[in-house]
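Which chain is which? The protein sequence lines are H and B, in order. Taking the numbering used here, the leading residue of the first sequence gets 1, the next gets one more, and so forth. Taking the numbering used here, the leading residue of the second sequence gets 107, the next gets one more, and so forth.
Hint data in this document are derived by calculation from the structure and do not stem from the laboratory. Note that the coordinates shown come from a computational prediction; the quantities given were computed from them, not determined experimentally. Be aware that one or more of the hints could be misleading.
[Said to hold, decoys possible] Computed footprint of chain B on chain H; a stretch qualifies when at least three of its residues, placed anywhere within it, have a C-beta under 8 Å from a C-beta of chain B: (1) 30-43; (2) 60-74.
[Said to hold, decoys possible] Listed below are the simulated EDC-like cross-link pairs for lysine to aspartate or glutamate, each with C-alpha atoms no more than 20 Å apart in a straight line: (3) K50/H / E24/H; (4) K50/H / E172/B; (5) K50/H / E20/H; (6) K148/B / D34/H; (7) K50/H / E132/B.
For each residue, glycine too, the CB sits at the ideal point set by N, CA and C.
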Amino acid sequence: MARKPNTSRQTEALLSTFLERPVEWRHGYDLSRDVGLQSGTLYPILMRLKEQGWLESQWEEQPPPGRPPRHFYRLTSAGRENARAQLADPRPSTIATATRLKGAAS
Amino acid sequence: MSFRQEEELDPMQRLALALCPVRGREWLAAMFAELAVIGGVKERARWLLGMPRVIIASVLESASRELSLRLRVALTLSLLAAAVCLISGLAEVELVQEDDWLLVASGALAATFIVLTRSALRRIYTTPLS
Numbered sequence: 001m002a003r004k005p006n007t008s009r010q011t012e013a014l015l016s017t018f019l020e021r022p023v024e025w026r027h028g029y030d031l032s033r034d035v036g037l038q039s040g041t042l043y044p045i046l047m048r049l050k051e052q053g054w055l056e057s058q059w060e061e062q063p064p065p066g067r068p069p070r071h072f073y074r075l076t077s078a079g080r081e082n083a084r085a086q087l088a089d090p091r092p093s094t095i096a097t098a099t100r101l102k103g104a105a106s
Numbered sequence: 107m108s109f110r111q112e113e114e115l116d117p118m119q120r121l122a123l124a125l126c127p128v129r130g131r132e133w134l135a136a137m138f139a140e141l142a143v144i145g146g147v148k149e150r151a152r153w154l155l156g157m158p159r160v161i162i163a164s165v166l167e168s169a170s171r172e173l174s175l176r177l178r179v180a181l182t183l184s185l186l187a188a189a190v191c192l193i194s195g196l197a198e199v200e201l202v203q204e205d206d207w208l209l210v211a212s213g214a215l216a217a218t219f220i221v222l223t224r225s226a227l228r229r230i231y232t233t234p235l236s
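Using the sequences provided together with the hints, build the complete structure.
Structure, rendered in structure tokens:
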């Protein structure tokens, strides 16, 4: 049977972090620290969420001189709805993992 | 979307972007951009270590999209048939009488495999983002 999309612990921890400040644009490094995920885990999840239409992204338009533009992310309205629905009845393991990941990050 | 101009990239960034399929390049560029705000050698090294995983994820995702099931079956059959033909031909094991044609067939099937793989790779690395 095919696995349900976006139900991995890491993905749910990321969705939960996005929902804490749902309309705010976030950077990859900030997300990595907040969720406690390595970049090699975080970015494939972001890529998948974007392809599924859960995530939107944009480049920084006016970066400070000498620094390249950063990439911003936030959930789309559909992504927020889906994420809320998915996290509404979380598995105990998801809560434990999200707590552990955030504990490790802080 | 705003990638940095190619002339601004250092050799490592160029190499990483060249290895990455088109689909993942924007994400890789975003990871490089984050390096500018990450302090500490350890943190930067950990961040860089994630890049191969992003490249691999992009390759796998692109390959699974580009290679339709039919093409994957053709690829696998061509490779297996070429291997069987080559091994039996070289080992002089006669699967059928007068099996010199097996060596010829192995060449043809291997060529099919190479052409199919090459065409898939070309699409993965050159198809513009939609």
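Here is what the structure says about each hint:
1. 30-43: n = 7 at 8 Å, threshold three: holds.
2. 60-74: Since three or more residues must qualify, the claim that chain B covers the region 60-74 of chain H holds, with 7 doing so at under 8 Å.
3. K50/H / E24/H: holds, 16 Å
4. K50/H / E172/B: holds, 19 Å
5. K50/H / E20/H: holds, 19 Å
6. K148/B / D34/H: holds, 18 Å
7. K50/H / E132/B: holds, 12 Å
Against the hints set out earlier in the document, no violation occurs for any number.
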